[in-house]
Amino acid sequence: AQTVTQSQPEMSVQEAETVTLSCTYDTSENNYYLFWYKQPPSRQMILVIRQEAYKQQNATENRFSVNFQKAAKSFSLKISDSQLGDTAMYFCAFMRHNNNDMRFGAGTRLTVKP
Amino acid sequence: DSGVTQTPKHLITATGQRVTLRCSPRSGDLSVYWYQQSLDQGLQFLIQYYNGEERAKGNILERFSAQQFPDLHSELNLSSLELGDSALYFCASSVMRENTEAFFGQGTRLTVV
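Read top to bottom, the protein sequences are chains G and Y. Mapping of the first sequence onto the working numbering: residues 1 to 114, in sequence order. Mapping of the second sequence onto the working numbering: residues 1 to 113, in sequence order.
These are calculated hints, taken from the structure and not from any lab test. Since the structure is predicted, the reported quantities are computational estimates derived from the model, not experimental observations. We put the CB at the ideal spot given by N, CA and C, even for glycine. Any given hint could be a false lead.
[Unchecked claim] If we take Cβ atoms under 8 Å as the criterion, some of the chain G residues that face chain Y in the derived model are:
| no. | residue |
| --- | --- |
| 1 | E10 |
| 2 | Y32 |
| 3 | R43 |
| 4 | Q44 |
| 5 | M45 |
| 6 | L47 |
| 7 | A53 |
| 8 | Y54 |
| 9 | F91 |
| 10 | M95 |
| 11 | N98 |
| 12 | N99 |
| 13 | N100 |
| 14 | M102 |
| 15 | R109 |
[What the hints assert, rightly or not] Here are the simulated lysine to aspartate or glutamate pairs, DMTMM-like style, with alpha carbons at most 20 Å apart:
| no. | chain 1 | residue 1 | chain 2 | residue 2 |
| --- | --- | --- | --- | --- |
| 16 | G | K55 | Y | E98 |
| 17 | G | K78 | G | E29 |
| 18 | Y | K57 | G | E29 |
| 19 | G | K55 | Y | E53 |
| 20 | Y | K57 | G | D101 |
[Claimed, not checked] Residues from chain G that keep clear of chain Y, each with C-beta distances beyond 12 Å, as calculated:
| no. | residue |
| --- | --- |
| 21 | V4 |
| 22 | V13 |
| 23 | Q14 |
| 24 | T20 |
| 25 | E29 |
| 26 | Q39 |
| 27 | S42 |
| 28 | Q57 |
| 29 | N58 |
| 30 | Q83 |
Please take these sequences and the hints and turn them into a complete structure.
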């Protein structure tokens, strides 16, 4: 079974600083996707970034980037130039290729302080 | 606004009852996914429909069922409700069969008393 672990229940960062959220996962699969989702107080889930396991290059979306270490089964999210609007729960998720049973971590609550 | 509409936003019901949650996907999206977010279990994938047919199944209880209609809207039916079914139920939709970029609705908050 695939499991996703987020070891940081809560984190905080000063506005304009950089923060890294950790995620590890366990799988015997070789072909899969990894995701970071954001859930702000409005509670809507928003896809932040996606990584395909066969791609060695780390995904980047504007201020959001990942550090994907396949051998270590690690998938961390770096948020640069943090903004107040980044305050949210962040969920790491795993999904096998061609199988939509997405597995989520427990989440990290990030607070950006002014 | 993601374009995915869920109704109702809030629902309070008693144990043993049955409820139906509704989801209208984004225009053009063929896949609908249902998720449950609870304090005990966290976020869990329940089930996916693609163009009217069940495509993937997660941790969905036998008391729960879903369907997708010809107009592509979907309904999640929860029966014999228990206190532990209290949760936020999300619907998401995507164009493709594979859930690599789904858009979520704002969820239905179900409270079972």
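Quiz item: What are the numbers of the hints the structure violates, in ascending order?
Solution: The structure conflicts with hints 1, 2, 7, 8, 15, 17, 19, 21, 26, 27, although it agrees with all the remaining ones.
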